[in-house]
Amino acid sequence: MKILIAGCGDVGKTLAKQLSAEGYDLTLMDADPEVLETGIARYDVMTVQGNCGSMDTLRRAGVKKSNLLIACTGSDELNLLCCMTAHTMNPRLHTIARIRDPEYLEQVYAMRDAFGISMTFNPEQDAATEMERLIKYPGFLKRESFLGGRVEIAELRVDADSRLCNVALNHLSGIVKCQILICAVLRDGVATIPDGNFILEEGDRVFVTASSDDLSMLLKSLGIVTHRVRRVMIAGGGTVAYYLAKGLKNNRSIEIEVIEKDAERCRELAELLPRVKVIKGDACDRALLESEGLSATDTLVSTTGLDELNVITSLYGSGRKLSQIITVLDRMENIDFIADLPLGSVISPSKLCCNTIVRYVRAMQKQAGAAVTIHTIADGRAEAIEFPVDLKTRFRNTPLKQIKLRSNIRLACIARGNEIIIPNGDSYFAEGDSVVVVVSGGTVVLNLNDIFD
Amino acid sequence: MNYKMMFRFYALVCLLEGVFLIPSLCIGIADGTQRTALGFAVTMMLSWGLALLFKLLSRNAPKDFFAREGFICVASAWILLSLIGALPFFFSGEIPNYIDALFETVSGFTTTGASILGNVEALSRACLYWRSFSHWIGGMGVLVFLLALVPAGGKNEGFTMHLFRAESPGPEVGKLVPKLRQTAAMLYITYLVLTVLNFIFLMLGDIPVFEAVCTTLGTAGTGGFGIKNDSMASYSPYIQNVTTVFMLLFGVNFSCYYLLILRQFRAVFRDEELRMYLCIVVASVLLITWNISSMYSSVGEALRHAAFQVASIISTSGFSSTDFDLWPSFSKGILMLLMVTGACAGSTCGGMKCARVLLLLKGLRRNISNLLHPQRVQSVRVNDRVIDEKVMANTNAYLSAYVVILIGSFLLISLDEFSIATNFTAVLTCFNNVGPGFEGVGPMMNFGAFSYFSKLILIFDMLAGRLEIFPMLLLFSGSLPHKRRCVARTA
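Chains V and D are the protein sequences, given in the same order.
Each number in the working numbering corresponds to the 1-based position in the first sequence with 203 added.
Each number in the working numbering corresponds to the 1-based position in the second sequence with 1339 added.
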């Protein structure tokens, strides 16, 4: 499949990395030759330099023979123009546009056909939605839901005083009184799929599969007390902050405070969000944070627009033992380097929307047994993928202990009708079931049959 | 430097070289030349042994691979390739001195075609085949061949682009299709198809199969090792004409053939480099024909020889249909010019490439116009596309490096006390991967008389010319950063 990517920024590069690893034919377009140079040096792609909205650039990039265009330049207007032009040149082309400005959302939805857009994505909105979920259900660093929300993969950090510390996975059932499966462990930047003898250590980040009910049980048995969030402090008043505040404002019991440096932006936010307390000031200023009642805050969200500032603000917050911290980190390269810092839940907008797009691309392939949902977990080092089991799937109705899976792959969950099965050696999957598979180490699994050895 | 990743490529190069030796080994066995066959067999085993060693050394290689590694890897892989490739000549005793054997092999892989042998016909057929086959391998590049075969870096990561760039000739190396592997495969398929066509046309001219194969391989790589002492002079006019046409075809940028397959005839017809190439060829043929017509019985014969020599020199093959050292100075002057320009970028030929000459001339015109209008802002355009200033700067740097190496090598080999024409054309012909020069290194002479020191200099020149100077300069520049700590990172 031939894919064009217009704009080679954070999102463009994240997409180029993921999609070229999956073996698609990629062409990157950008006006800046130097950005393209880094693209061609790192990924197996072709590049075309020029204005992404012009017919000439699109023609040179081969729009007529392409299947999909992803417009993710920095400007919404250019993305729209690019999709419109490309769609006129090739009516069979699927187009995905990044639209960030909330003011455009309405018309983009109403005029989809006129713009020729198949799907839009909004990294900031995705990030805000993700944060909202975390704030509503605190306790875990991250939660990804599968099978219509019935099963989740949640992330936990093993602290020194945790009941999980220095426990082998075989003995886990004695500690937690519910059905869970640890499907991946991230230690020192390496994601492993653990076996029964694996011993958890301090600092590990573990990924737990369980039904949504069992997850609350898990929190209880681990002694993690969670109470409802009452006060949220948002450092930085960018688009993410706006979406988050807007999403949370319906919940009357949550008090929201936004700290923003720019006076003009503060006024704007105050006009848009009347119920939210907007403070003009520097989010890195300790005295300001304290005077605004940081210690009485339940959740601190760092989304200043600069990764470095976010890290500093969150580190300060974690020193103050806040119950929940959410940090935005946009440049993915940074993640390796600071994963071990106590930054709470780390959210990367470009990675979130990359997941959405990869899902769309895989769905376009329309393969039998193609993935239904895909979530990247463990800082992008592992993937959790949901597959339907159909007639083409091998080893149906065979107990799992008789099946040899490829290394780095774990079957995390089986859903049969309304029943959720956390699998053991005697479990099996049958036609009509759905399964969730966790894959680590860059192994690419496009089809359920790819998991068998 | 990521040495482990480089070892991974060395292992593949050694493995591949062993495979390339198989046909020669078979010929050696079939002909019953035992010592030669043994030489090839031993080299093959050695090459595979080295491959295994490099493979072991390259375990747990980190994935980082940058432009620097690309340049160094290509340059050192070519040296390795030549060092191993010279062994069969040495082991079989057909070229008893190793430096001579190395010269012959480098001349083969770099598609130069300069020989140290006085009597080529004395070589066994296995060695003759190996000489010609090395042209074919070196023509398109052995690492490009690897890229076509091996999944790039295991995980589809694009870093092998650096290898592709370092080995492919031309000021701007781009891909034909998004995937590097497919690009490399398409180049090789084009190359293979043209080679087979050439062979078929030669066979129609009624010459022995072995000679047709060797001539084809030499033409395809634009190498120029003949299997006769008089190169192509004793062949029929038909064979010479076929070779003329194919030498010119192999000098055309291979992406033009791709555009032809895509039916973009207009783009090919309008390609400024191709036009320049064809204009130079036509003009040179006409001028030389006029200049030498008195030496031959008919204008037709003069035309045939002029066309053959022009095609041979501009495509940097180096075959000869007549002793052009006897031609008048004007004709020789034209040929010397052609040695420098070479044919198109993205082909199998050597030299400066028409694309670069075009950029240099256009840049010169801009500079002159800037003297008249100092405030004028002007960009250089080729094929209606603006050329990036970085490419212009690189092209100018290339010219400087070219001149420095040319003059430096000329000085060094002047120690051998041959005539100035001999020394200068020897350097020029090796550096541009042509083959024959004038006077002492003319088409009917050879490089055997030079001292070993001069031969080593010329070996460097041939490699530098084939890899477009910078990889070789980087390898010997000594300004490379120290070895980085290799931290295994999952990218």
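Hints in this document: simulated from the structure, not taken from any laboratory.
There may be inaccurate statements among the hints.
[Claimed, not checked] Going by beta-carbon spacing under 10 Å, a handful of chain D positions derived as facing chain V: (1) K1394; (2) R1398; (3) P1401; (4) T1499; (5) M1500; (6) H1501; (7) G1513; (8) K1514; (9) L1515; (10) P1517; (11) K1518; (12) D1727; (13) L1738; (14) Y1741; (15) V1743.
[To be verified] Calculated lysine-lysine pairs in the DSS-like style (CA-CA distance at most 30 Å, straight line): (16) K423(V) with K524(V); (17) K339(V) with K524(V); (18) K464(V) with K480(V); (19) K339(V) with K464(V); (20) K1402(D) with K607(V); (21) K1394(D) with K607(V); (22) K524(V) with K205(V); (23) K1394(D) with K205(V); (24) K464(V) with K524(V).
By construction, the Cβ of each residue, glycine as well, lies at the ideal position given by its N, Cα and C atoms.
Hints, one by one, checked against the model:
1. Proximity of K1394(D) to chain V is violated relative to the hint, the smallest CB-CB distance being about 21 Å (cut-off 10 Å).
2. Evaluation of the R1398(D) hint against chain V yields a violated restraint, the C-beta minimum of about 17 Å exceeding 10 Å.
3. Interface hint status for P1401(D): violated, as the beta-carbon distance to the closest one in chain V is roughly 13 Å, over 10 Å.
4. Annotation: T1499(D) was flagged as interfacial toward chain V, and the flag holds, the nearest CB pair being 8 Å apart, inside 10 Å.
5. Restraint check, M1500(D) versus chain V: the minimum CB separation of about 6 Å is within 10 Å; hint holds.
6. Hint status for H1501(D): holds, given a least beta-carbon distance of 7 Å to chain V, under 10 Å.
7. About 8 Å separates the beta-carbon of G1513(D) from the nearest beta-carbon of chain V, less than 10 Å, and the hint is met.
8. The beta carbon of K1514(D) is positioned within 10 Å of a beta carbon in chain V (closest approach about 5 Å), and the interface hint is therefore held.
9. Evaluation of the L1515(D) hint against chain V yields a held restraint, the C-beta minimum of about 8 Å falling below 10 Å.
10. The interface hint given for P1517(D) is met, as the beta carbon of that residue sits about 4 Å from the closest beta carbon of chain V, less than 10 Å.
11. Using the Cβ-Cβ criterion of 10 Å, the hint placing K1518(D) at the interface with chain V is satisfied: the shortest such distance is roughly 6 Å.
12. Restraint check, D1727(D) versus chain V: the minimum CB separation of about 6 Å is within 10 Å; hint holds.
13. Checking L1738(D) against chain V by beta carbon gives a least distance of about 22 Å; that is not within 10 Å, so the hint is violated.
14. At a threshold of 10 Å, the smallest CB-CB gap from Y1741(D) to chain V is about 24 Å, leaving the interface hint violated.
15. Proximity of V1743(D) to chain V is violated relative to the hint, the smallest CB-CB distance being about 27 Å (cut-off 10 Å).
16. Taken as a hint, the K423(V) and K524(V) pair is honoured in the structure, with Cα atoms around 20 Å apart against an allowance of 30 Å.
17. Under the criterion of a C-alpha separation no larger than 30 Å, the hint pairing K339(V) with K524(V) is consistent with the structure, at around 19 Å.
18. For a cut-off of 30 Å, the pair hint linking K464(V) to K480(V) stands: about 14 Å separates their Cα positions.
19. Simply put, K339(V) and K464(V) have alpha-carbon atoms about 27 Å apart, close enough for the 30 Å limit, and the pair holds.
20. Proximity of K1402(D) to K607(V) is assessed by CA-CA distance (about 29 Å); at most 30 Å being required, the pair is judged to hold.
21. With a C-alpha separation of about 29 Å, the suggested pair K1394(D) and K607(V) falls inside the 30 Å cut-off, and the hint holds.
22. For the hint linking K524(V) to K205(V), the alpha-carbon distance of about 49 Å lies beyond 30 Å, and the restraint is violated.
23. A C-alpha spacing of about 35 Å is found between K1394(D) and K205(V), which places the hinted pair above 30 Å, so the restraint is violated.
24. Between K464(V) and K524(V) the CA atoms are separated by roughly 25 Å; this keeps the pair inside 30 Å, and the hint holds.
Checked against the numbered hints given earlier, the structure breaks hints 1, 2, 3, 13, 14, 15, 22, 23 and satisfies all the rest.
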